[in-house]
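Undergrad: Here is how the chains run, residue by residue.
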Amino acid sequence: MLQKLSLRLRSLFRSRVADEELDEEVRFHVERQAEEFVRQGIPEKQAALMARRQFGNVTLHKEECRDARNWAWLENLAQDFRHSVRALRRNAGFTVVSVVTLAVGIGATAALFSVVDKALLHPVNAPDAERLVWLQDYGKGHNDTGGNPMRLIDYEAARSFSAIGGFYSEGGVWQSPDGPVQLDVLRTLGDFNGVLRARVQMGRGLTAEEARGVGQPVALLTSATFHTRFHGNASVLNQTLRFGTAAYQIVGVLAADCDYPEEMDVWAPATRETQTLQRRARFLGMVGRLANGAPMRQAQAELDVMAGRLAQQYPDTDRDITTSLTPLAEHVSQGVRKPLLVLFGAVASVLLIGCLNIAGLLLARGMARRREAAIRVSVGAGYGRLVRLFFAESLLLAGAGCVGGLLLALVGVDVLKAALPDDVPHLAALSLDWRVVVYGILISLVAALVFGALPAWQFAAGAQAFALKDGSAGSGVGKNRLRSLLVISEVALSAVLLVTAALLANSFLKLRSQAVGFNSAHAYTFGLELPWDLDGSVVNAIAADTVARLDAFPGTIAGGVVDRLPLHGGSQSGHLLVRGRTLPAGMAEKEFGFRMASPGYFAAAGIPVMKGGLYRDWQGVKGLHEVVISQRMAALVFPGEDPVGHEIAQSFGKGEPSWFRIVGVVGSVPLHTADTEGAAEAYLPWGATYWPLLNFVVRTERPLADVARYVHEQIQMANKGQVFSTVATLDERTAETRSGPRSYVMLAGGFAVAALALSALGIFGLMAHETARRTQEIGVRLALGAEPEGIARDAVWRAVKLVAAGLVVGLVAAWYVSALINSLLFGVEPHDVGSYAIAAAVLLTAAVAASLVPAIRAARIDPIRALRHE
Amino acid sequence: MSKPSDLVQGTLDLLLLKILALEPLHGWAIGQRLKQISSDVLQVSDGSLYPALHKLEQEGWIKADWQITENNRRAKFYALTTTGKRALALETKNWERLSNAISGVVRLTEI
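Which chain is which? The protein sequence lines are A and B, in order.
The first sequence lines up with residues 135 to 1004 when you count with our numbering.
The second sequence lines up with residues 802 to 912 when you count with our numbering.
Calculated directly from the structure, the hints in this document are not laboratory data.
Since the model is a prediction, treat every value here as computed from it, not as a measurement.
Treat the hints with caution; some may be incorrect.
[Stated by the list, open to error] Straight line, CA to CA, 30 Å or less: simulated DSS-like cross-link-like pairs of lysine-lysine: (1) LYS179/A - LYS836/B; (2) LYS274/A - LYS179/A; (3) LYS551/A - LYS274/A; (4) LYS551/A - LYS836/B; (5) LYS836/B - LYS472/A; (6) LYS877/B - LYS179/A.
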């Protein structure tokens, strides 16, 4: 064993000595054989020659002996790398283009991978996070609904879960020494902390009683808030902090990696009352941790059985409720999964196009180096050694690309942070970590394989097939066919990207130009989040006071309050009842929106009254049962008749419903960005139900700064204990709901442009090489009287034919790929012909442009010089 | 290119080990000895001989040292090691099994 090792080490470190010994051994053999021939009576000179001939290719056999030494590959590798460095340095232009192409490709994929890794693969930071599940309740007609605290308690009995808990969030104002601060408070129910196995970095966790809201209110600070708001000062522990409607003892600080749900300041168990709220209230997010060994299927089956039992036990409230499980990671990344995967596919395609380009360049270079290969073979290089030599070169390129790419990724991550929408999980805390570095290295190795394999094979094959005589015109036609194939693949990939980008862009334009149903010009907005357990009369008093102050603002055209702004969703939804009628099937199960607004809101937000009028002002009017409905609801529920005068109510199961008389019809406003028809909803007077999230809208000709100053001086100062959000234009607040689609369009468009540029580069490279290769042929043609224009046209035509072939493949592929992104499209069919036409036109234009320079060069070839060269 | 086409694959190792089991020899002599004892039936090209020897040395089955030949020249002599002896025994058994099997098949009488 030891002997073996020493031998190997010797061959590695003393390779020169070993080589000399090998030389001597071979020399001895040849001389000894010569002696033998002499002994057989052959003249000495001839004998020496015969002996050497008999031995064969000395260098090759020596090389094989060296290869037999196990470490030889390492020596060879070092040699190959040295050789490659020299070769690459000689071709600085090629090297720079390749490394930059690779660095951009690797950098972009690595940066996006860091997003995918955090947002899709590890969106929840918790021990054994793969056992975490999201519980989603569904009501009648399979409409999703929030969870109920009592039902959550029922579910705690399920044996497939080791812990189960609920949460909701609310705003709470803390009177800090520097003035009021709005805190985002996570109210937890049941064993929420146990589900996430939330750890504390300081202080203690919750006791079982505290978690159920029993005893003195306690709270945990999140790590970020502890450091920013409390400057990491440990004295905050055990202090009593007053926010929202109660005072909480701070018992601990959560660990830094406890970041689900994101962007919370404080975790505080919900009050006992909230945790035992009647079964009708549905507002919770629910999470569970699967017990060890319990698959999700089993947990789901158990919940189904329990749901069946609860439906019988509480028919009024729980009859139609079902609960389904999804892995928590999937739930958290739900909205961003598709777009991120599409972007990742796009950026991977750009990298692939880059690799194909480099392969094309290497192929072109390989053709020029066939002579070199032939020489190497004739002096004893083995087939494997040649392939290795070529891979050393691609590995070097990939290595440089990897280093450059990771450096670029550092910048790329910041770009993505700014460009991606906020709902991507963990976006704010994004950074490059070891996983991304490993990914970068892996992707570089794959890239080296992709663009190294073809030329290596060609290099070695060429070395075997061609003798030294090669190197004249007309050679390498087959190899250019290979390059054409590469260009066709590039064009096909680019076509897919361009179609995708065009579809997304079209969809975004549709989104932006959709008939919004409201008028955001000259409308300003700000909000106030009050705690959920604040008394309704207090909430309504603040709302009334603020609206009155807005009306008093000189220059106000209209002012009002609403539960949620247009495009920001609704507040309540449910089934509709019409007094004296049975709704037809389809309408009875449909969810309609029931929301609240003060009468001034409609004029402030520019929502037109289409029929009838508005309800009277809600202030102080007891038992005011008037309602306006949206045009969409009118069209659905009262087709062809006047809805004014009918009475409607929200269905709550048993008991006499609370009826509202329709007094008017207003324009439909979209509930969210993908809502094309506008919401079918009813507006109740403010105060008809409880809702502590206030959104004020004011319409005025005055500029934003004036409104902001007025809100600060007259409204904020009058409510010192509250924190009003900054005044913004309604435009801005509604545009932010489209930030997701916009950033995806921008990024997909960016990648498509990169793909286009790289493909154009590939086409240019191929055409330039063709022109160079055909110099003599063109020279002959010109000498025989061919028109230079014809030569140029011919060159462009070749490029167009290539692109056309790529386009056919690419457009067919895009036809299938676009079906996958259907859910990201708004108002655009995935097979929208216009988008395909745009992509095709752009690619053809790029192809013509890229082939123009080589074509002109071909036309300007001087026949005399071209022929003399021969 | 490098594979001995004149010998069944793998048998070259066995032959080399067997020859060296008799006495330590240098490369040229090994080639001569092989021809001699197989009455010129088995021949190994010089190009295949040395890589095979170096491979066996790397395996630790044979060891090499420089000695003076009968006519006063420095040459690299190869000798069997203890592990080499074991390897030879194993390879021989394998070979016998293989050749028996092949002979059996070859001797089948055709109907």
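Undergrad: Against which earlier hints does the structure fall short, listed by number upward?
TA: Of the numbered hints, 2, 3, 4, 5 do not hold.
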